[in-house]
Amino acid sequence: MAMTMRKGLARGIAAARRRISNSREVEKERSEVKPTNLFSAINQALHIALETDPRAYVFGEDVRFGGVFRCTTGLADRFGKARVFNTPLCEQGIAGFAIGLAAMGNRAIAEIQFADYIYPAFDQIVNEAAKYRYRSGNQFNCGGLTIRTPYGAVGHGGHYHSQSPEAFFCHVPGLKVVIPRSPRQAKGLLLSSIRDPNPVVFFEPKWLYRLAVEDVPEHDYMLPLSEAEVIRPGSDITLVGWGAQLSIMEQACENASKDGISCELIDLRTLIPWDKETVEASVKKTGRLLISHEAPLTGGFGAEISAAIAEHCFLRLEAPVARICGLDTPFPLVYEPFYMPTKNKILDAIKATVNY
Amino acid sequence: MPSLSKICSSFCFLSLLPRSRSRAPNPQAMAALRRFSSPAILPLRRFAASCPFSATAGDDQAVMTVETSVPFTGHRIDTPSRSVETTPKELLSFFREMSLMRRMEIAADSLYKAKLIRGFCHLYDGQEAVAVGMEAAITKKDAIITAYRDHCIFLGRGGKLIEAFSELMGRRAGCSKGKGGSMHFYRREAEFYGGHGIVGAQIPLGCGIALGQKYSKEETVTFTMYGDGAANQGQLFEALNMSALWDLPVILVCENNHYGMGTAEWRAAKSPAYYKRGDYVPGLKVDGMDALAVKQACKFAKEHVLKNGPMILEMDTYRYHGHSMSDPGSSYRTRDEISGIRQERDPIERIRKLILSHEISTANELKDIEKEVRKEVDAAIAQAKECPMPDSSELFANIYVKGLGVKDQAP
Chain W
1 MAMTMRKGLA
11 RGIAAARRRI
21 SNSREVEKER
31 SEVKPTNLFS
41 AINQALHIAL
51 ETDPRAYVFG
61 EDVRFGGVFR
71 CTTGLADRFG
81 KARVFNTPLC
91 EQGIAGFAIG
101 LAAMGNRAIA
111 EIQFADYIYP
121 AFDQIVNEAA
131 KYRYRSGNQF
141 NCGGLTIRTP
151 YGAVGHGGHY
161 HSQSPEAFFC
171 HVPGLKVVIP
181 RSPRQAKGLL
191 LSSIRDPNPV
201 VFFEPKWLYR
211 LAVEDVPEHD
221 YMLPLSEAEV
231 IRPGSDITLV
241 GWGAQLSIME
251 QACENASKDG
261 ISCELIDLRT
271 LIPWDKETVE
281 ASVKKTGRLL
291 ISHEAPLTGG
301 FGAEISAAIA
311 EHCFLRLEAP
321 VARICGLDTP
331 FPLVYEPFYM
341 PTKNKILDAI
351 KATVNY
Chain X
1 MPSLSKICSS
11 FCFLSLLPRS
21 RSRAPNPQAM
31 AALRRFSSPA
41 ILPLRRFAAS
51 CPFSATAGDD
61 QAVMTVETSV
71 PFTGHRIDTP
81 SRSVETTPKE
91 LLSFFREMSL
101 MRRMEIAADS
111 LYKAKLIRGF
121 CHLYDGQEAV
131 AVGMEAAITK
141 KDAIITAYRD
151 HCIFLGRGGK
161 LIEAFSELMG
171 RRAGCSKGKG
181 GSMHFYRREA
191 EFYGGHGIVG
201 AQIPLGCGIA
211 LGQKYSKEET
221 VTFTMYGDGA
231 ANQGQLFEAL
241 NMSALWDLPV
251 ILVCENNHYG
261 MGTAEWRAAK
271 SPAYYKRGDY
281 VPGLKVDGMD
291 ALAVKQACKF
301 AKEHVLKNGP
311 MILEMDTYRY
321 HGHSMSDPGS
331 SYRTRDEISG
341 IRQERDPIER
351 IRKLILSHEI
361 STANELKDIE
371 KEVRKEVDAA
381 IAQAKECPMP
391 DSSELFANIY
401 VKGLGVKDQA
411 P
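Those protein sequences? They're chains W and X, same order as listed.
Each residue of the first sequence is one higher than the one before, starting from 1 at the first, in the UniProt record's numbering.
Each residue of the second sequence is one higher than the one before, starting from 1 at the first, in the UniProt record's numbering.
Read the hints as simulated data drawn from the structure, not as lab findings.
Among the hints, a few may not be true.
What follows is a list of derived Cβ distance ranges for each label pair [to be verified]:
| id | chain 1 | residue 1 | chain 2 | residue 2 | range |
| --- | --- | --- | --- | --- | --- |
| 1 | X | Lys115 | W | Arg70 | 43 to 49 Å |
| 2 | X | Glu189 | W | Pro197 | 45 to 51 Å |
| 3 | X | Ile399 | W | Pro337 | 15 to 21 Å |
| 4 | X | Ile399 | W | Asp123 | 21 to 27 Å |
| 5 | W | Phe122 | X | Glu303 | 36 to 42 Å |
| 6 | X | Ala62 | W | Arg210 | 56 to 62 Å |
| 7 | X | Pro328 | W | Gln251 | 45 to 51 Å |
| 8 | X | Ala382 | W | Ser31 | 54 to 60 Å |
Covered, in the sense of this in silico footprint (three residues per stretch, anywhere, with C-beta under 8 Å from a C-beta of chain W), are these stretches of chain X [to be verified]:
| id | segment |
| --- | --- |
| 9 | 115 to 125 |
| 10 | 189 to 202 |
| 11 | 225 to 234 |
| 12 | 266 to 279 |
| 13 | 390 to 396 |
Quick caveat, the model's predicted, so the values are computed rather than measured.
Cβ atoms here follow ideal geometry from the backbone N, Cα and C, with glycine treated the same way.
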């Protein structure tokens with residue numbers, strides 16, 4: 001296990017040094033790639049996590065049958081009901097038990113069925129998981145804890161199946177918050193999250209579970225945490241986002257390029273601790289920044305990025321930082337299309353910022 | 001009735017017992033079997049034949065006495081009588097209301113599949129006796145709060161079909177102005193506090209409503225409904241303690257449909273005897289497929305809680321549909337189990353047989369009622385489809401008073 005971790009980390013670091021869009025080149029030499037959707041990529045990562053660490057466990061509501069999004073399909077058959085099991089419907093209990101299990105040196109991979117249901121577990125995550133190492137003077141920790149949870153809009157989810165609560169957890173030192181944008185990213189980042197010696201909240205973009213299909217290497221690989229990735233280089237404006245929103249932003253970049261605007265698109269991937277250097281370097285180059293996320297504007301993680309960039313790149317900024325986010329309303333049912341930070345909203349903001 | 005061996009095999013399939021347990025009988029699985037071999041699913045013919053009955057047919061107000069299908073089981077309380085007083089009029093209204101609910105839910109299923117209903121949708125068919133029996137025992141001044149399986153509770157509280165279908169389809173005429181959707185039906189004028197999306201979160205709210213009622217001294221009570229899935233949430237136990245400590249007039253109605261989403265009750269609960277799980281709070285187990293038993297229990301409970309503080313009513317019921325529209329409902333239970341319940345315990349069929357055996361109406365008259373109900377539902381759907389969406393200003397309305405805080409974004 002430790003060997004695998006070191007190897008994986010080494011690979012991740014090598015990939016990062018090469019500054020390519022991800023570790024694709026390295027991986028090609030190693031194994032087959034297959035077109036895979038996001039939920040299957042997560043499923044592969046969970047198989048590998050349980051295979052490579054006999055002290056890894058997967059549990060949550062209905063996960064033994066595969067879970068509502070099929071992410072845990074086949075795990076119970078392969079690894080047995082003692083390692084992959086259903087819990088009652090009690091999120092606070094799921095989080096609490098996961099912390100205890102992780103504190104005993106296990107890898108507890110807990111699923112909260114929808115990110116909207118994570119709030120009953122909020123106290124356990126914020127007060128117990130995040131501060132365990134700190135308050136015990138490093139005698140105890142729950143670093144083996146990973147909480148997976150699907151977040152975000154699906155087009156018709158309504159109030160309690162659509163929320164993006166990542167910013168709440170970004171206010172909590174001691175936690176890591178990771179959000180992948182695609183199947184390949186999801187697999188590598190989830191394996192890193194599971195093996196990272198800190199508690200991680202891993203938000204999965206449920207809109208992409210079936211929709212996003214990408215070549216994913218079949219072997220065990222990890223992608224580095226706290227490293228943002230420039231997925232589209234450009235020179236006029238920097239766009240920062242994460243998760244499902246990146247595909248919307250990418251379309252906006254595409255459209256902007258037709259108007260002669262060169263956009264640099266960055267996937268933050270880990271929200272805390274976040275990769276300020278990559279974002280700063282990009283903004284220093286382009287002089288402009290736009291942040292986009294599905295969560296409501298006010299108090300969203302975009303606000304933190306905006307503040308940090310204003311502090312560190314003040315003299316390089318040629319326009320105010322733009323934020324295109326969800327509206328400050330509860331997530332609406334019938335008016336979801338209005339609420340969402342759509343491509344056109346982003347495109348308008350790109351133009352306004354560039355022409356400021 | 002499906003053979004018991006079929007039910008047995010369905011449970012063995014469901015349980016997929018751990019190896020260590022397969023050698024010895026699993027006490028939980030055995031308990032589940034006992035439940036299914038309990039008198040609750042004995043053929044209805046026997047039940048009907050054994051009913052003491054004292055009324056002349058034809059007089060729809062005449063009081064008649066019917067015995068509940070199974071006795072109540074009590075926890076720290078003497079059980080109410082099995083003999084329930086009813087009238088032909090009441091039985092016919094039960095039949096009509098439950099048929100209407102059933103038809104509404106089946107229509108909602110089709111509308112969802114046609115993508116006219118979006119969002120998440122949880123159907124109540126199978127559980128209608130709980131909604132109808134409860135209403136027969138209480139007044140519209142008593143409060144009800146429930147979780148997301150709320151369509152039929154709303155109808156029971158006097159909600160209209162057009163409001164229900166409009167809400168489901170996100171139209172302006174919906175009971176929550178089209179802003180709530182399936183999980184968020186409300187009816188202020190009938191003390192229906194909704195419609196809550198998070199499992200178990202409505203339970204402390206319901207107890208808080210009862211706290212308000214205690215102050216108001218109007219002798220009203222709150223029915224706080226939750227499912228067997230929510231029965232394992234910690235909030236229930238916090239709320240029970242405070243309610244009992246302060247003698248609040250709250251009835252905690254656990255609608256036990258035996259599956260918390262896709263997990264059978266015995267897999268999720270060490271004790272699936274939910275009526276006992278309040279420990280110091282008295283409880284009653286009720287056949288939730290028998291509207292008359294539900295009525296009797298709710299009447300009894302209302303009197304009890306006004307004098308003594310909270311009480312749990314566990315309604316033994318069943319949902320025919322899956323947990324939500326994305327759940328076919330057949331991967332964690334067998335089709336035989338579902339059809340067995342339909343044949344033996346269906347709440348509408350129970351009332352139909354009662355009406356027929358007491359010659360209150362003919363089979364054809366009941367069929368006519370069902371046809372009428374179907375027409376009503378179709379008309380309401382047609383009307384709801386014509387109804388416009390909410391005004392776009394509604395997106396920003398009702399977040400704060402006067403829209404404070406959203407000024408910058410409002411169009």
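To see whether the hints hold, each was checked on the structure:
1. X:Lys115 <-> W:Arg70: 43 to 49 Å: For arginine 70 of chain W against lysine 115 of chain X, whose Cβ atoms are near 21 Å apart, the range 43 to 49 Å is violated.
2. X:Glu189 <-> W:Pro197: 45 to 51 Å: For proline 197 of chain W against glutamate 189 of chain X, whose Cβ atoms are near 57 Å apart, the range 45 to 51 Å is violated.
3. X:Ile399 <-> W:Pro337: 15 to 21 Å: holds, 18 Å
4. X:Ile399 <-> W:Asp123: 21 to 27 Å: Distance hint for isoleucine 399 of chain X, aspartate 123 of chain W holds at roughly 26 Å.
5. W:Phe122 <-> X:Glu303: 36 to 42 Å: holds, 40 Å
6. X:Ala62 <-> W:Arg210: 56 to 62 Å: holds, 60 Å
7. X:Pro328 <-> W:Gln251: 45 to 51 Å: violated, 35 Å
8. X:Ala382 <-> W:Ser31: 54 to 60 Å: With a Cβ separation near 58 Å, alanine 382 of chain X and serine 31 of chain W satisfy 54 to 60 Å, so the hint holds.
9. 115 to 125: Three-residue rule met by the segment 115 to 125 of chain X, so holds; n is 3.
10. 189 to 202: holds (count 5)
11. 225 to 234: Since three or more residues must qualify, the claim that chain W covers the segment 225 to 234 of chain X holds, with 5 doing so at under 8 Å.
12. 266 to 279: holds (count 3)
13. 390 to 396: Result for this restraint: holds, n = 5.
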